[in-house]
Amino acid sequence: MHGEYKMPGGKLVVADFEVRDGKLTRVRISGDFFLEPDSALTMIDVALEGMPAAADSTHHAAVIQAALGPNVRMFGVSPEAIAVAVQRALEMPG
Amino acid sequence: MNRSDWNDFKWRLIHAAPQPPSLHMAIDEVLTDEVAARRRPPTLRVWEWSSSCVVIGRFQSLRNEVDAEAAHRHGIEVVRRISGGGAMFIEPGNTITYSLYAPETLVAGMSFQESYEFMDAWVIDALQGLGINAWYQPLNDIASPAGKIAGAAQTRRGGAVLHHVTMAYDIDTTKMLDVLRIGREKLSDKATQSAAKRVDPLRSQTGLPRSDIIKKMIATFRRRHGLAPGKLEPAELERAVTLAESKFSSTAWTGIVP
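Quick note, the sequences are listed as chains A and B, same order.
Residue numbering for the first sequence follows my numbering, beginning at 1 and increasing consecutively.
Residue numbering for the second sequence follows my numbering, beginning at 1 and increasing consecutively.
Incorrect hints may appear among the rest.
[Unchecked claim] Computed Cβ-Cβ distance ranges for the label pairs, DEER-style:
#, chain 1, residue 1, chain 2, residue 2, range
1, B, P209, A, M43, 44 to 54 Å
2, B, D212, A, H2, 43 to 53 Å
3, B, K197, A, N71, 19 to 29 Å
4, B, A121, A, G69, 48 to 58 Å
5, B, G75, A, A66, 25 to 35 Å
6, A, M92, B, A70, 43 to 53 Å
7, B, K10, A, H59, 44 to 54 Å
8, B, T251, A, E49, 33 to 43 Å
9, B, K231, A, G22, 58 to 68 Å
10, A, G9, B, H15, 34 to 44 Å
11, A, A62, B, R73, 38 to 48 Å
12, A, A62, B, K197, 17 to 27 Å
13, A, M92, B, A228, 23 to 33 Å
By construction, these hints were calculated from the structure, which means they are not laboratory data.
No experiment lies behind these values; they were computed from the predicted model shown.
Ideal Cβ placement from N, Cα and C applies to all residues, glycine included.
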């Protein structure tokens with residue numbers, strides 16, 4: 001599944017994943033945003049792996065925020081924007 | 001962290017003969033680390049390219065951004081840089097690219113937004129000196145009445161900041177759109193732009209050769225901040241050549257976000 005979201009005043013966030021047994025798997029978040037440190041991208045993918053697909057985007061955003069902690073800095077992207085990209089992928093037909 | 005000023009440093013200029021894409025990626029990593037370790041003074045590097053390439057950002061999906069078959073057909077290499085941001089389409093002479101390597105104290109206490117604008121204030125000055133009514137366009141662009149001129153990207157490593165920028169001099173967009181997959185979301189953001197065959201905001205608004213614009217930019221930096229001639233040290237080049245091969249030419253790195 002594939003979803004894209006251009007964060008207002010920010011950058012493009014892309015979510016690619018599969019859903020197996022109602023859970024997100026093989027999650028890959030990407031885009032032209034900025035993250036410091038760069039290892040935070042893997043932390044986001046890992047945080048979303050195994051999440052229930054039925055969870056709403058507020059819950060997905062909270063899980064991402066909790067996984068990143070206070071030391072990761074984001075520019076042009078946010079946990080909420082990533083959650084919207086995930087939600088859009090889930091809503092895409094096929 | 002105490003804030004430092006541009007003029008607290010003895011800036012060096014590196015403007016070498018054309019180099020291949022993977023080596024440029026590696027030089028950025030090496031020089032950022034050298035400035036972080038205080039072995040090198042803060043440096044402005046102007047890039048010259050020896051071959052065509054697509055440079056994708058650290059967090060972009062290789063498959064989503066690049067049509068691998070089209071890139072291969074046009075003989076265009078794909079490399080990934082260490083900073084975030086978007087894909088750039090490079091052919092020798094079609095862009096002006098530069099990097100700044102500085103201690104992070106130069107941007108201490110600033111938001112990312114402020115630091116981007118701050119690091120490129122000298123470029124806005126240079127462009128205005130060339131008669132272009134340029135301005136900084138958040139988050140990370142330099143814009144003009146004839147459209148977007150440049151995109152900037154930063155990364156921070158070990159107490160140093162790398163700020164690099166690619167400016168469109170004269171880009172063949174037909175080839176670019178062949179190779180880059182520009183998503184629907186992205187295009188919706190640029191819906192007002194026409195599907196021009198060329199994107200040439202620097203060439204059309206100055207009427208100057210690329211090399212004259214570079215000269216003006218360097219002179220502006222020197223006037224504002226001081227700038228002494230410099231070069232890549234042999235040890236730096238040696239490390240960069242090794243890294244270009246082991247990391248920046250590897251599918252492990254280029255495909256790190258598949």
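Consistency of the hints with the structure:
The supplied range of 44 to 54 Å is met by P209 of chain B and M43 of chain A, whose beta-carbon atoms lie about 47 Å from each other. As the Cβ distance of D212 of chain B to H2 of chain A is approximately 45 Å, the hint placing it in 43 to 53 Å holds. Hint check: K197 of chain B to N71 of chain A, Cβ distance near 46 Å, so the stated range 19 to 29 Å is violated. One distance hint, 48 to 58 Å for the beta-carbon pair A121 of chain B and G69 of chain A, is violated here, with the actual separation near 33 Å.
A C-beta distance of roughly 46 Å is found between G75 of chain B and A66 of chain A, which places it outside the suggested range of 25 to 35 Å. The hint said 43 to 53 Å for the Cβ distance between M92 of chain A and A70 of chain B, and at roughly 25 Å that hint is violated. Taking the beta carbon of each, K10 of chain B and H59 of chain A are about 52 Å apart, inside 44 to 54 Å as hinted. Against the hinted window of 33 to 43 Å, the Cβ-Cβ separation of T251 of chain B and E49 of chain A comes to about 23 Å, which falls outside the hint.
In this structure the supplied range 58 to 68 Å holds for K231 of chain B paired with G22 of chain A, their Cβ-Cβ distance being about 59 Å. Distance hint check for G9 of chain A and H15 of chain B: the Cβ-Cβ separation is about 35 Å, which falls inside the suggested range of 34 to 44 Å. A C-beta distance of roughly 45 Å is found between A62 of chain A and R73 of chain B, which places it inside the suggested range of 38 to 48 Å. For A62 of chain A and K197 of chain B, the Cβ-Cβ distance of about 47 Å falls outside the hinted range of 17 to 27 Å, so the restraint is violated.
For M92 of chain A paired with A228 of chain B, a C-beta distance near 55 Å fails the hint of 23 to 33 Å.
Checked against the numbered hints given earlier, the structure breaks hints 3, 4, 5, 6, 8, 12, 13 and satisfies all the rest.
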